[in-house]
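Let the hints inform the model, and build the full structure from the sequences given.
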Amino acid sequence: MTATPIATAKPRLLASGAQQKLLAFASLIVLLLFFSLASPNFLQTANILAILQATSVNGVLAIAATLVIITGGIDLSVGTLMTFTAVIAGVVLTFWGLAMPVGILAAIAAGAACGFISGSLIARMKIPPFIATLGMMLILKGLSLVISGTKPIYFNDTPSFPQLSTGSLIGALVPALPVPNGVMILFILALIISWVLNRTTLGRYCFALGSNEEAVRLSGVNADGWKVAIYALAGGICGIAGLLIASRLNSAQPALGQGYELDAIAAVVIGGTSLAGGRGSILGTIIGALIMSVLLNGLRILSVAQEWQTVVTGVIIIAAVYADMLRRRRAG
Amino acid sequence: MTEVIRMSGIEKRFPGVHALRGAQFDLMAGEVHALMGENGAGKSTLMKILSGIYAPDGGTLHVNGAEVRIAGPRAAQGLGIGIIHQELALMPDLTVAQNIFIGREPRSRWGVLDEAQINRDAEAIFAAMKVPVDPRAEVRSLTIAKQQMVEIAKALSFRSRILIMDEPTAALNDAETEELFAIIRRLKSEGVAIVYISHKMDEIRRISDRVTVMRDGAYVGTVAASDTPIETIITMMVGRELDQTAAEIPDLSAAPVALEVSGLSRGRMVRDVSFTLRRGEILGFAGLMGAGRTEVARVIFGADPRDGGKIIVHGKERQIRTPQDAVAAGIGYLSEDRKHFGLALGIDVRGNIALTSLERFSDRFLRVDDAALAKIAANYIGSLAIRTPSDRQEVRLLSGGNQQKVVIAKWLLRDCDILIFDEPTRGIDVGAKAEIYRLLQSPAEAGKAIIVISSELPEVLRLSHRIAVMCEGRLTGILPGGPATSQQEIMRLATQRDTAPQGASA
Ligand SMILES: Nc1ncnc2c1ncn2[C@@H]1O[C@H](COP(=O)(O)OP(=O)(O)OP(=O)(O)O)[C@@H](O)[C@H]1O
Ligand SMILES: [Mg+2]
Chain D
1 MTATPIATAK PRLLASGAQQ KLLAFASLIV LLLFFSLASP NFLQTANILA
51 ILQATSVNGV LAIAATLVII TGGIDLSVGT LMTFTAVIAG VVLTFWGLAM
101 PVGILAAIAA GAACGFISGS LIARMKIPPF IATLGMMLIL KGLSLVISGT
151 KPIYFNDTPS FPQLSTGSLI GALVPALPVP NGVMILFILA LIISWVLNRT
201 TLGRYCFALG SNEEAVRLSG VNADGWKVAI YALAGGICGI AGLLIASRLN
251 SAQPALGQGY ELDAIAAVVI GGTSLAGGRG SILGTIIGAL IMSVLLNGLR
301 ILSVAQEWQT VVTGVIIIAA VYADMLRRRR AG
Chain H
333 MTEVIRMSGI EKRFPGVHAL RGAQFDLMAG EVHALMGENG AGKSTLMKIL
383 SGIYAPDGGT LHVNGAEVRI AGPRAAQGLG IGIIHQELAL MPDLTVAQNI
433 FIGREPRSRW GVLDEAQINR DAEAIFAAMK VPVDPRAEVR SLTIAKQQMV
483 EIAKALSFRS RILIMDEPTA ALNDAETEEL FAIIRRLKSE GVAIVYISHK
533 MDEIRRISDR VTVMRDGAYV GTVAASDTPI ETIITMMVGR ELDQTAAEIP
583 DLSAAPVALE VSGLSRGRMV RDVSFTLRRG EILGFAGLMG AGRTEVARVI
633 FGADPRDGGK IIVHGKERQI RTPQDAVAAG IGYLSEDRKH FGLALGIDVR
683 GNIALTSLER FSDRFLRVDD AALAKIAANY IGSLAIRTPS DRQEVRLLSG
733 GNQQKVVIAK WLLRDCDILI FDEPTRGIDV GAKAEIYRLL QSPAEAGKAI
783 IVISSELPEV LRLSHRIAVM CEGRLTGILP GGPATSQQEI MRLATQRDTA
833 PQGASA
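These protein sequence lines map, in sequence, to chains D and H.
Counting from 1, position 63 in the first sequence corresponds to residue 63 in the numbering used here; the numbering is continuous, with no gaps.
Counting from 1, position 186 in the second sequence corresponds to residue 518 in the numbering used here; the numbering is continuous, with no gaps.
Hints were generated in silico from the structure; no laboratory data involved.
Careful: at least some of the hints might be erroneous.
Heads up, incomplete: computed chain H residues facing chain D, CB under 7 Å, no partners named [claimed, not checked]:
| # | residue |
| --- | --- |
| 1 | Pro405 |
| 2 | Gln409 |
| 3 | Asp425 |
| 4 | Gly435 |
| 5 | Glu437 |
| 6 | Pro438 |
| 7 | Arg439 |
| 8 | Gly443 |
| 9 | Leu445 |
| 10 | Ala448 |
| 11 | Leu620 |
| 12 | Met621 |
Virtual Cβ for every residue (Gly too), placed ideally from N, Cα, C.
Here it is as structure tokens:
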């Protein structure tokens with residue numbers, strides 16, 4: 001059989017998603033150049049490691065947020081869910097004195113369970129994601145305080161717990177590369193979820209749901225079931241973030257958490273994922289999270305007041321999204 | 333021949349609507365069975381029941397002789413029933429191949445997708461269909477016609493033995509329709525049974541074996557397509573005879589010019605287009621799909637920026653940069669893609685009709701005069717025969733053709749001096765078509781200037797006073813309307829490609 005020639009799409013230098021990542025990446029480079037010229041302290045190894053360490057928690061939360069946002073939803077509970085899972089780890093390790101792997105599993109499982117609940121509220125009970133996760137955000141915030149008795153839970157009985165985030169496996173093997181475990185966990189997780197998004201059914205349905213949920217349903221796909229699964233996965237990832245922050249602080253701080261969800265969403269948006277759903281990438285999100293921490297770190301080194309750092313972050317978010325809009329309009 | 337489907341006594345109620353009243357339908361292997369009826373007659377609903385999307389409230393359903401209950405789209409696919417929906421159900425951010433195989437991705441045990449495999453499979457399907465579509469292209473980047481081909485490929489990929497096509501040619505041009513018919517004939521020879529829904533009467537004759545007609549959700553009758561006159565089928569559909577005569581063409585040479593466009597261009601789609609439109613005139617725009625007719629309309633309406641050219645309205649040059657400018661200049665545009673540009677689907681019928689004219693119905697304090705709105709809405713619902721339980725029904729719940737009528741009502745109410753209608757009768761039944769022709773003619777008689785873009789030549793010929801023909805972004809000629817012009821003449825201009833040697837480098 002002779003194959004009919006297939007007309008190929010107009011050749012473009014880069015797919016539009018790649019262009020956006022390039023834009024974000026270029027901004028990151030510009031920021032790095034600017035700060036290293038502005039201050040000699042910026043490009044020190046210790047400072048770079050501090051930036052990466054500061055990115056790890058927000059980066060992991062942003063990965064969770066990316067999954068949900070690609071489906072066209074939003075998750076406002078990632079911050080307090082992170083805290084909740086940290087408290088759960090505290091309960092298991094400190095109150096009950098169980099072994100560390102049990103604590104780790106408990107935190108991740110608690111996150112996934114909460115994500116499952118949010119997902120069910122959204123997919124089965126048709127509560128809008130904004131409302132469902134707003135409710136979850138408050139519920140989890142309250143529960144964290146109740147369970148912990150409003151006091152921080154310290155991990156003094158589990159001496160190796162802080163190593164989870166601040167230790168460096170790589171540094172032990174290659175002393176020249178003292179990258180903290182927390183950073184390694186972020187990058188490995190990013191690789192895995194990126195692979196999941198692009199290579200697996202779950203990832204395919206993330207994009208499909210965000211693109212046209214009705215069409216997914218008409219295709220005979222269990223759209224609701226997959227949506228629940230995606231929120232549960234995002235919840236489990238928040239559990240990892242909870243472990244990272246608890247390990248870094250060597251304590252579960254029950255009052256922490258609110259506000260983290262907005263930083264995570266900001267990183268996702270700066271990274272070019274559309275809040276309308278259907279498009280986005282983990283690489284973009286990681287770059288977005290890095291942009292935010294580089295910015296905060298750099299401004300601090302230049303002794304810009306904290307209040308102004310917040311103002312600048314706000315401006316950057318708006319500028320990033322506007323740049324993306326401009327690019328898209330030009331692309332037609 | 334063996335009977336593959338028998339539906340009888342099917343009932344379906346939606347809130348406020350009794351959509352199916354004892355509907356019946358049967359289908360043989362290897363036949364093309366046309367399902368016809370006015371907008372809102374219940375055709376799509378009946379087929380959605382057959383494909384597992386709606387559960388019937390009553391009646392029985394036999395597939396291959398056995399009584400079945402179809403629990404969902406998956407179950408229908410399992411029974412070999414595939415459907416191409418009236419409103420395209422695609423995911424624009426995914427590639428063509430990803431769309432075709434959604435829900436059935438070949439994968440390993442861990443859910444790992446085999447992208448190369450689906451691209452190969454999709455390529456094979458398109459090769460068999462003999463249509464060039466790149467499986468790796470994002471669906472967003474395709475024309476509506478190509479997207480339609482993707483839907484067909486998707487249904488074919490199920491190896492369906494029963495294929496339902498709900499108005500598959502609504503957005504296809506003649507050549508593409510031919511391709512589709514070739515595909516249908518091949519499937520038919522392989523024993524596939526096909527349900528074919530369309531409002532295009534000429535197609536029914538050419539492609540179908542039997543015709544079942546529905547009216548108001550009830551079964552009217554089934555006839556053989558070959559020896560039943562079209563008029564009989566129309567009478568079965570609308571329950572009365574229709575006036576099919578063309579309107580007279582008035583002499584407008586003395587009428588003032590309402591719109592003059594000169595040297596309009598935008599990229600490759602609109603190249604140096606100039607024409608005039610007089611008050612009281614209906615100017616038809618004919619051409620193949622992709623000839624640039626919609627693009628011309630969008631540029632005039634300010635929806636797309638222009639590279640060059642002048643737009644003169646009532647003798648004054650106007651700087652039209654946005655649709656708002658256009659509306660201020662008295663230009664209205666009814667878009668061809670009602671779902672994306674023409675309707676607020678979640679809003680009720682009344683709200684949509686009033687959308688462009690809200691200021692007229694509100695006072696100084698922005699209070700909306702709902703009583704007046706309700707009266708106007710009731711007027712249009714009556715005159716356009718919009719089938720809706722009330723003017724508070726959300727537009728997304730109306731049948732496809734009735735949604736189109738709401739868009740038309742909206743622009744008629746807006747009362748612009750110059751109205752551009754892009755494919756105004758797409759998906760509209762014969763009875764309502766005649767009604768819409770009449771509705772387009774009356775504002776023209778009242779001195780408004782009207783542009784009608786249509787891919788149906790008989791429609792252009794019947795409606796237009798003059799016919800502008802486009803090909804590849806250029807205006808290749810303007811012909812008189814009515815019996816003075818033949819379809820062949822239009823086609824000649826519509827295929828007059830730019831072959832001047834100077835332009836060879838382009
Ligand atoms: N989900 C729904 N909710 C409420 N009413 C509905 C729904 N779906 C269809 N209807 C109504 O049921 C009736 C039949 O609609 P259907 O879409 O089957 O018509 P149709 O024959 O396909 O018309 P068209 O030719 O315009 O596509 C219409 O009055 C429509 O408004
Ligand atoms: Mg229909």
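Status of each hint after checking the structure:
{"no.": "1", "hint": "Pro405", "verdict": "holds (4 Å)"}
{"no.": "2", "hint": "Gln409", "verdict": "holds (6 Å)"}
{"no.": "3", "hint": "Asp425", "verdict": "holds (4 Å)"}
{"no.": "4", "hint": "Gly435", "verdict": "holds (4 Å)"}
{"no.": "5", "hint": "Glu437", "verdict": "holds (6 Å)"}
{"no.": "6", "hint": "Pro438", "verdict": "violated (10 Å)"}
{"no.": "7", "hint": "Arg439", "verdict": "holds (6 Å)"}
{"no.": "8", "hint": "Gly443", "verdict": "holds (4 Å)"}
{"no.": "9", "hint": "Leu445", "verdict": "holds (6 Å)"}
{"no.": "10", "hint": "Ala448", "verdict": "violated (12 Å)"}
{"no.": "11", "hint": "Leu620", "verdict": "violated (17 Å)"}
{"no.": "12", "hint": "Met621", "verdict": "violated (15 Å)"}
The earlier numbered hints that this structure contradicts are 6, 10, 11 and 12.
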